[in-house]
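Visitor: Chain A is already provided as a structure; the job is to place chain B on it using the hints.
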Amino acid sequence: MKLFLGNTLFAILLVMTALTHCWADDEPLPLLKIAEPFINLHSGPGQAYPIVNVIKRGDLVTIVRRQTDWFEIRADDGQPGWASRDEMQLTLLPTGENFEVTDVDEELFRNRDWSYGLSGGEFEKAAIVSIFSGYSFTENLALELNFSDSPGNVSSSTLLKLNLIMQPFPDLTLSPFFSLGVGRIKVEPSATLIASSARENTMMQAGVGLHYYLSRRFVFRFEYNEYVILSANNSDDNNEEIGEWKTGFVVFF
Amino acid sequence: MENWFRSIFLTLFVSTSILSSDLQAADESEIVQNDDEQSSLVQPQIERSEFDESKIDVDDFEITIFTGLLSIEDFGVNSVTGFKLAYHINESVFVQLETGQSDADETSFEVLNGGAPLLTDDERSLDYYQFNVGYNVFPGEAFVSNETTINNAFYLIAGIGDSEFAGDDRYTFNYGFGYRLLFWDSVAFNADLRDYVFDMDVFGETEETHNIAYTFSLSLYF
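Residue numbers (our numbering), protein chains in the order written: chain A, 356 to 608; chain B, 323 to 544.
So that you can see chain A by itself, here it is in the shape it has in the complex:
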């Protein structure tokens, strides 16, 4: 079951990745002209990699590929190396315009369409791990599908819920949000307990949380949720109420 779940998650993520990832076509990119006095080329995509090459103003280069905020470029003489986005910003296109790369910043986060995230925390004294995917209709309103897994010592729960996320102040770096959700919860008692079989119930949830923009496509999230599990039936006339807190992060596209 767990393998199936893990592999399903894996497959979903892979498809999401393929959907959000644009395959570059074979069409050659235009030559760029260096406008800075010089650009340092590192051996790898990071500030810590040693500088192996320097190209000077007026040289022509092509971009091979990009990884995070680094570009692998190839100079006229065939020398490859990695240049940072900051250094590439002043490079000129054949038309004489600046080669402008979209800066992934808070503004882009506010105007995000799809976001994916994961979080972990505590659900009624048991650990919980969640994976979620959201679509933002406006800066303030998003719909999220959330899948959670809470393996506990007495019982294990899996939750599937649909959430409406309301972010009243999207302009703030530390931005609060409210959420309302509805979904299903399945509780399976531990194998070592001689207990009743698994049960499945509808649940409702209300919560508050915070988004904190960290860098690039990376947002920190903290949330607190209250669940009402509609478990009342003939033998048990009380609904269960459960509290949950989680921290995690969101990646957006």
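No wet-lab data here; the hints were simulated from the structure.
Note that the coordinates shown come from a computational prediction; the quantities given were computed from them, not determined experimentally.
Built from N, CA and C at the ideal position, the CB exists for glycine as well.
Please note that a few of the clues may not be correct.
DSS-like, lysine-lysine: derived pairs with alpha carbons at most 30 Å apart [stated by the list, open to error]: (1) B/377 / A/388; (2) A/541 / A/480; (3) A/388 / A/411; (4) B/377 / A/411.
Covered, in the sense of this in silico footprint (three residues per stretch, anywhere, with C-beta under 8 Å from a C-beta of chain A), are these stretches of chain B [claimed, not checked]: (5) 403-414; (6) 456-466; (7) 499-506.
Pair ranges (Cβ atoms, derived) [said to hold, decoys possible]: (8) A/488 / B/436: 50 to 56 Å; (9) B/385 / A/388: 33 to 39 Å; (10) A/515 / B/538: 34 to 40 Å; (11) A/444 / B/538: 37 to 43 Å; (12) B/389 / A/595: 41 to 47 Å; (13) B/489 / A/593: 25 to 31 Å; (14) A/515 / B/436: 43 to 49 Å; (15) A/498 / B/468: 57 to 63 Å; (16) B/515 / A/608: 53 to 59 Å; (17) A/541 / B/437: 35 to 41 Å; (18) A/429 / B/385: 24 to 30 Å.
Guide: Chain B alone, transformed into the frame defined by chain A:
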């Protein structure tokens, strides 16, 4: 008290929804006005460049296949295999989903006892998934020969998730480190050493188990 708490939530939610939709409507009408003013001005004819940023091949994702050895406490050392999918957020940080499978051996008790198995074959299968966050601490170069240098990195990694073993789901966390050698720009070889920690109650008492794994993997950036 609970009802009071919930009604505050609801009131906040509804009022902020209404407030924000009002604000947005106001914004939109302003934009329409600005458009009208601008259309009366002369628009300069600038030829847009053909360059399309999305044509750059972006390699922020990494798919990995791994195999190695996992020591399941009391259940011997066995092979483990699985997949990982990572997204590189910046030059230092990456997030990763990892899923793996291993089959547990017999415990010493079972061997000595002679044929009374503690677990069924199905329960002996350990299936897990983990959400990890990794941090590249020492990126640099490895000098293989006079001519060849290979980019490498040492990274710290930790994560949380779930393991299914002995018929139960077990909350699991892991921590460890790894070493990455980038043979080519898009192909890497990794060696990882991790400790997977979960509670086990197979012997009656709940105890924390440390299950060490070392794995080798091959990954592709795309």
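Visitor: Go through the numbered hints given earlier and state which of them the structure violates, listing their numbers in rising order.
Guide: Violated: hints 7 and 16.
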